[in-house]
Structures are given as C-alpha cells and as structure tokens.
Amino acid sequence: MASRPLAIIAALAAGGLVLALVLGPVAAVLARAGGWGSLGPSDWQALRFTLWQACLSALFSVALAIPVARALARRRFPGRGLLISLLGAPFILPTIVAVLGLLAVFGQNGMVNVALRGVGLPAFSIYGLHGVVLAHVFFNLPLATRLLLQGWLAIPAERFRLAASLGLSPWAMLRTLEAPMVLRIAPGAFAVIFVICLSSFAVALTLGGGPRATTVELAIYQAVRFDFDLGRAALLSVIQLALALAAGLVALRLGTGGGFGAGLDRMVTRWDGRAGLSRAADIAWIALAALFLLTPLGMVVARGLPGLVQLGASSWEAAWNSLTVALASTLLCLLWALPLSTRWGEWLGLVGIAVSPLVLGTGLFLIVRPFANPLSLALPVTTLVNALVALPFALRILRPEAEAVRADYGRLAQALGLTPLAWLRLVLLPRLRRPLGFAAGLTAALSIGDLGVIALFADPDRATLPLQVYRLMGSYQMQAAAGAALLLLLFSFGAFWLCDRGGRANADT
Amino acid sequence: MKAISFAAGCLFASTALAQEPVLTVYAGDYVVSEWGPGPKIEEMFEGRCGCDLQFKPGDLLPRLLLEGDQTEADVVFGLNTDVTKKARESGLFAPHGVDLSPLTLPIDWTDDTFLPYNYGETAFIYDTTRLSEPPTSFAKLLDAPDDLKIVIQDPRSSISGLAMALWAQAVFGDEAEDAWRKLAPKILTVTKGWSESYGLFTDGEADMVLSYTTSPAYHIIAEEDHTKKALIFPEGNYFMVELAAKLATSDQPELAQDFMDFILTPEFQQMIATGNWSFPAALPHEDWPEGFKELELPSKVLFYSEDEAAALRDEAIEAWRRGLSQ
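Top line first, the protein sequences correspond to chains A and B.
For the first sequence, counting from 1, position 256 maps to 507 in our numbering; every step adds exactly one.
For the second sequence, counting from 1, position 1 maps to 3 in our numbering; every step adds exactly one.
You may find that some hints are simply not true.
Derived pair list, reagent style EDC-like, types lysine to aspartate or glutamate, alpha-carbon separation capped at 20 Å [as the list claims (entries may be wrong)]:
| no. | chain 1 | residue 1 | chain 2 | residue 2 |
| --- | --- | --- | --- | --- |
| 1 | B | K87 | A | D480 |
| 2 | B | K58 | B | D253 |
| 3 | B | K88 | A | D478 |
| 4 | B | K184 | B | D149 |
| 5 | B | K88 | A | D480 |
| 6 | B | K231 | B | D253 |
| 7 | B | K58 | A | D480 |
| 8 | B | K87 | A | E568 |
| 9 | B | K42 | B | D54 |
| 10 | B | K151 | B | E74 |
| 11 | B | K184 | B | E317 |
| 12 | B | K58 | B | E74 |
| 13 | B | K184 | B | D71 |
| 14 | B | K231 | B | E317 |
The set of hints was computed from the structure by calculation and includes no laboratory data.
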C-alpha cells in the first residue's frame with residue numbers, strides 16, 4: 252500500500268497517545284502516593300467477584316446475541332432499521348437511569364412481580380449475582396448484537412447467492428459461512444464486554460444486594476475518595492488494567508481467521524430460513540430481545556415525562572455542555588481510531604475502558620495542576636477522556652471491516668499508486684461508512700451519558716447532564732431527576748440515531 | 003470546531019472575571035444545584051460583602067489534599083466529622099474565630115477550626131401508608147419479619163453509610179457483626195450513595211431507607227406529604243453535622259472570615275433548614291420553619307469524636323462487611 256510509512260507513523264502516534272493518557276495518570280497517582288499500597292482480604296474477595304460477574308455477563312451477552320443477530324440478519328420487516336437503532340439504546344444509558352428502568356420492570360414492585368403475584372406465584376428478586384448479570388446483559392446484549400450483525404452484513408451477498416445456487420441446507424450454510432464469522436467476531440465482543448463489566452461499580456453494588464457483590468472499582472473509589480490511599484488505588488487500577496489486557500490477548504488469539512474476500516456490495520438476499528420453524532424461531536428471538544430491552548426503556552420514558560416540565564435552565568445548560576463535549580469527543584475519537592484499526596491497535600485501545608475513571612481523573616488532575624487551573628479545563632479534559640473511553644468501542648466496530656478493506660483492496664491501490672489521501676477518500680472511508688456511522692453514534696451517546704472524570708474537575712457552570720441527574724437526586728428532586736434522565740436518554744439516543752443513520756444511508760440494513 | 007471554540011471560550015471566561023474580589027468556596031456537589039442552598043448563600047452573601055462568591059463543587063477533601071497549600075479555596079463548605087481528623091492533620095485550615103455560644107446542637111461543640119452550620123441524625127425513614135406498625139427500637143428492627151425490606155448505603159463509598167456503620171458500632175459494640183447478620187435478610191440492597199437509595203425508596207422498591215431524621219421535613223414542606231416518618235430509636239440515633247472551615251492559605255482572609263461569621267447569623271440559619279433540608283446549627287427550636295417543628299427529635303443522640311470515629315472506623319466497616327457477607 253502506498254500509505255504504508257505514513258500509516259505506521261499515524262498508528263504509532265495514536266497508540267502512544269493512548270498509552271500516555273492511561274499510564275501517565277496512573278504514574279502520577281503512584282508518584283504522589285510515594286509507592287504501591289497493599290491489598291486486604293476484602294480486596295481479594297472483590298477481585299474474585301469482579302472476574303466472575305464479568306465472565307458471566309460477557310458470556311450471556313454474547314451467547315444470547317448470536318441468535319438475535321442472526322434473526323435480524325435473516326429477516327426483513329417494516330421498522331427493522333428503527334428497531335436495530337432502538338435496541339442500541341440501553342448501552343448508552345447512564346447506569347443509574349438504566350437501573351431504575353430495570354427495577355420498574357424486575358424490581359419488588361415491578362411489572363414482572365406484580366404479574367407473578369397476580370397469578371399467585373412467588374415473587375422474583377432481582378438482587379444478587381443474577382441481578383448484576385441481568386443488568387449487564389441489558390446493557391451489553393445490544394452492543395454484542397450490533398457487532399455480530401455487522402459481521403453478518405459483512406459476508407458478501409455473492410457468498411449467499413453461491414450457497415443458494417449450490418442448494419446448501421441452512422445447517423450447511425451455518426457451518427460454512429456463518430459459524431466462521433461468529434468465531435471471528437465473538438471473542439472480540441466478549442473481550443470488550445468483559446472489560447466493561449470489570450470496571451462496573453454502581454450496577455454491581457445496587458443490584459448485587461450487599462458487600463459480597465463488591466467490585467475492584469468500589470475498592471478504588473474507597474481508596475481515593477474515602478481513605479485517600481492513593482498507593483492502593485494505583486495498585487488496584489494496575490491490576491484492573493492487567494486483567495483487561497489479558498482478556499484482550501485471549502480474544503486476539505481466538506478471534507483469528509480471514510474474511511470472505513471482496514464482494515460487489517450487493518444487497519444480501521437470503522434464500523435460507525424460509526421454512527416455518529426457523530421463521531418462528533427468528534420472530535421469537537427478535538420479539539424476546541425487543542421486549543427485554545425496550546420495556547425498561549419505556550419505563551424510563553414514562554417516569555421522566557412528568558419531570559421534563561420541572562427542569563430549570565441549569566439542566567438545559569448541562570444538556571448543551573454535554574452535547575458540545577459529545578461532538579468534540581466524537582470527532583477526536585474517530586480521528587484517533589482510524590490509524591489504530593488493526594489487531595494490535597484494538598488490543599491497545601482496550602486499556603481506555605479498563606483504567607479506573609477515578610484514577611484517571613485524579614492522575615490528570617495532578618498532571619494538569621502545575622500548569623493550569625484544572626477546573627477551567629473541565630470540559631476539554633472530559634472531551635479527551637470521553638474519546639479515550641469510547642476508543643475501544645470504535646475500534647471494535649471499525650477494525651474488522653478496515654482490515655478487510657485493506658486485505659481486499661490494498662494490492663489494487665498499490666498497483667494504481669494511490670496517494671494516502673486518495674486511498675482514504677476513495678477506498679477506506681466510503682467502505683467504512685457504515686461502521687464509522689455506528690462508531691460515531693456510539694461515541695457521541697457514550698460521551699453524553701458519561702460521568703467519568705468530571706467529579707474531580709466539576710465546575711458549577713459546566714455541569715454535564717449525568718452530573719445534573721445526581722445533583723437533582725441529591726436534593727430530593729427525584730421527579731426532576733427522572734426528567735433530566737429522560738432528556739439524557741433523548742439526547743444520547745438522538746445523537747446515536749443521527750450518526751448511525753447517516754452512516755447507513757444507502758446501505759441496506 | 004464549534005465545540006472547541008466553545009470550550010476555549012469557557013476557559014477565557016473563567017480567567018478574565020476578576021474585577022471585584024473573589025471568594026472561592028469549595029462545596030459538595032448537591033450544594034450548588036438550583037435546588038440546593040448554594041444559589042441562596044451566594045445571593046445573600048454577595049449582598050453584604052461587595053464581592054463575588056464562587057462555588058466550586060465536587061469532591062472536597064480528596065481535592066484539597068491533592069492541591070495542598072496550592073489550593074485556590076478560601077473556604078470549604080460541607081465537610082463532615084468523619085473526615086475532619088484527616089483534614090485537620092493536613093494543616094491546611096485556620097481557626098474560624100467565631101463565637102460558638104449561639105450553637106443549638108444536641109451535643110457540645112468546642113472545635114476552633116470546623117464550624118457547624120447544620121445537622122441531622124441518621125434514621126430509617128418509612129412510609130406510614132405501607133408500614134403501620136414500624137419497629138420501635140434498633141433491637142426490634144433486627145427481629146422484624148424478613149419481608150420488611152430496607153435499603154442502605156455502602157459505608158465504603160458514602161458518608162451516610164459510614165455513619166450507619168458507626169451507629170451500629172455505638173449501639174451494639176462487639177455484637178455489631180451479629181446485629182448486621184440478623185439485619186441481613188431484611189436488607190434489600192446496598193447502594194453507592196444516598197441518592198440511589200432514596201430513589202429506590204420513593205419508587206416503592208423498599209419499605210425503609212437509611213437517611214436522616216430531617217428527611218420527612220422535605221416531604222412535609224415541599225410536597226405537603228405527611229406520610230414519611232423517621233424511626234426514632236431509644237438506643238439513640240447517630241449525630242451527623244456539616245461543617246465549614248477557612249483555609250490558612252486563603253488570599254482573601256478577611257472575606258473568608260466574613261463568610262465564617264455569616265454562617266451563624268439568624269439570616270443564614272433561617273435559610274439553611276429548607277435550603278439543605280437539615281436542622282440549623284444555631285437557631286432556637288421556636289424559630290425553625292414550620293415543617294421542621296413537627297418533626298420528632300431523638301431523645302438521645304450518639305456521637306463519636308473524630309478521634310474515636312477514626313479509631314473505630316475500620317472495625318465498624320469490617321463488622322458490617324462480615325455480617326452481611328454470610
């Protein structure tokens with residue numbers, strides 16, 4: 252490829268920035284602490300629980316996503332595009348909002364228990380390990396589904412055409428076309444979700460039911476905000492990083508195997524799965540997923556509507572702040588992700604979500620402090636950190652297709668002597684349009700919903716919407732908080748939908 | 003591009019605003035919201051000081067300790083006795099120099115550095131329409147039927163949760179772990195902070211929530227709802243007080259002193275009850291706002307000095323963790 256040396260330089264710069272942004276703050280915290288802390292017995296317990304729940308959550312999310320994504324890939328029905336977009340919404344909700352939505356469905360007085368009681372059955376309690384896993388599946392099933400769905404859509408239509416003309420049975424088609432794709436995509440999806448769940452904190456605590464459900468992130472929170480034991484916080488965050496990188500390495504080794512070669516970007520038409528049984532199964536999977544994911548969202552909307560009118564100017568300002576931060580971090584994240592969309596780049600990108608936001612915030616605070624007032628940098632820092640945190644998702648979405656494009660068209664581009672810019676403009680970007688739109692939408696939405704580092708850097712005039720939700724709740728304004736949460740949902744979903752839609756224009760999905 | 007210039011604009015806006023003297027007050031996050039006491043404090047104080055009071059919300063102590071003597075803060079607003087030992091040891095604070103005789107706290111307060119502005123006691127809040135015969139003591143709560151569901155806060159991540167662990171330690175002493183074990187089946191869940199717990203309670207998810215004796219006042223005054231009540235235990239409820247302090251490094255020592263003097267004035271104290279939904283620290287009972295006067299007050303308050311609390315803290319949290327981990 253003509254752009255080889257330039258691509259390498261860009262990748263090195265982008266990767267170096269990731270490492271500097273993650274390791275720099277950890278080192279700053281460590282330097283300030285004057286050395287590593289030590290771990291107590293409750294930390295080991297927290298570590299065990301963290302690993303166990305993250306494994307289960309990632310496993311269930313990916314396993315359930317396979318039939319749902321397959322059903323969505325095979326079926327065409329009105330509203331399918333909207334449904335696919337909507338299914339992405341839980342992932343971008345701030346934890347507290349999503350948990351309250353889940354509780355409205357599965358809680359003590361939720362719809363499920365009211366129904367159970369109505370027919371005289373014993374109530375179901377959501378609190379405990381199963382509640383934590385349920386919530387994590389609610390958050391991450393949509394992400395896994397979208398990642399797998401992309402894999403399905405990346406199989407060129409010509410392959411299905413060929414399979415149909417050869418008269419392959421659905422089973423044979425699954426074995427030859429679909430299973431290899433799933434084996435290629437699933438480990439990466441598992442790794443990303445595993446790492447997200449590693450740093451879970453509020454969900455695990457609220458639904459875990461008690462101190463047995465303590466995660467490492469809570470121990471970090473306690474060390475930073477309560478004990479001011481920065482050495483222990485640094486040690487715990489390095490352990491968390493190491494676990495994430497180990498998970499990433501495993502996924503990297505497992506998720507090998509090439510793509511399917513180039514196609515002519517025809518519409519995928521499927522001749523399989525027209526039999527009654529597989530049709531019914533697909534419909535059931537789609538309906539179940541929609542019910543599971545959309546009911547709690549509906550509850551968030553229902554609870555938030557009365558609160559919308561109570562929102563004052565400060566909530567709208569917070570919304571504006573969130574939007575501008577989101578726009579800036581989305582641009583930054585995409586620029587950052589493009590050169591890193593390789594296997595190793597993706598692995599490196601994982602550290603962005605693996606590092607504890609508290610340690611990241613504290614470290615950045617320490618680094619910025621000698622040069623500027625950290626408070627006046629609240630929004631730029633939030634922008635940068637949001638881009639960093641969204642990077643692994645963007646990479647997971649972009650990498651498989653970016654690699655496929657390089658493999659399929661790299662030689663042709665070299666033969667034609669394309670300049671790097673022409674390669675980007677004519678080949679890479681147009682082919683990445685769909686994943687780029689999805690990645691941009693996800694980044695914007697994640698950024699709007701993020702609370703992240705702003706706690707240490709907060710500034711009264713520059714609150715973001717999630718912070719505003721907490722402030723309102725802290726002042727007994729539960730209804731206004733529900734309204735602000737709905738605003739948050741609307742904004743992040745709107746941003747997601749706009750970007751995702753833009754990326755999918757003219758694409759048959 | 004717009005976002006970047008917006009961010010840059012914010013940057014300049016905050017550095018260029020320095021015509022009149024600025025008093026920088028670090029405060030807890032809930033203080034500055036439009037529903038918190040911050041905007042009222044700002045308005046009242048600016049009316050008398052000819053200065054610009056700027057609240058900087060966020061984490062109080064971690065931020066101060068990180069900044070050390072480089073801190074910009076002139077005053078901190080919202081510390082709590084569980085952290086005052088660490089705060090005092092940092093040597094960052096100056097004596098407040100305020101006459102403490104107007105204080106009306108249920109305990110004696112002689113601290114010359116940390117000045118109380120409001121207080122409350124930890125208490126379990128319940129809804130009288132759902133629970134007609136609530137337990138009448140802490141011991142009876144432990145023996146209550148297991149279908150009575152309570153939400154509490156984690157003592158490792160929340161101030162009120164830590165107060166609760168110390169409360170149990172004060173009531174049950176060495177038996178605290180057993181007490182938690184007996185309470186365990188009734189604990190629906192544990193949340194990171196007060197907001198999540200209270201949200202679960204008002205959503206009807208739990209029968210009771212760990213909060214403060216002053217919480218019913220919010221429902222009475224703002225919602226005219228008299229059904230939320232605090233359980234007053236004969237064993238005593240744990241005393242919690244919020245404190246302000248002046249930084250020794252302040253570049254506006256006179257303004258900072260004015261602010262400290264302002265805190266115990268009737269004007270401030272009248273406002274803080276409904277501004278922060280807690281008992282004013284220096285206001286006779288007859289001057290309290292209406293809704294507050296009808297609240298039941300504990301006849302006995304439990305309190306650990308900062309040294310006792312620091313010494314018992316790990317033990318109390320461990321008793322909580324082991325008792326609930328069975």
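Verification of the supplied hints:
1. B:K87 / A:D480: Roughly 15 Å separates the two Cα atoms, so the pair holds.
2. B:K58 / B:D253: Holds, because 16 Å separates the two Cα atoms, which is no more than 20 Å.
3. B:K88 / A:D478: Between K88 of chain B and D478 of chain A the Cα gap is close to 9 Å, so the pair holds against 20 Å.
4. B:K184 / B:D149: With Cα atoms ~13 Å apart, K184 of chain B and D149 of chain B stay inside 20 Å; holds.
5. B:K88 / A:D480: 12 Å, holds
6. B:K231 / B:D253: 45 Å, violated
7. B:K58 / A:D480: 24 Å, violated
8. B:K87 / A:E568: Violated, at about 38 Å.
9. B:K42 / B:D54: 14 Å, holds
10. B:K151 / B:E74: 45 Å, violated
11. B:K184 / B:E317: With a Cα-Cα distance of about 18 Å, the restraint between K184 of chain B and E317 of chain B holds, given a limit of 20 Å.
12. B:K58 / B:E74: Since the Cα atoms of K58 of chain B and E74 of chain B sit roughly 10 Å apart, the hinted pair holds (cutoff 20 Å).
13. B:K184 / B:D71: 47 Å, violated
14. B:K231 / B:E317: 30 Å, violated
Consistency note: the structure conflicts with the earlier hints numbered 6, 7, 8, 10, 13, 14.
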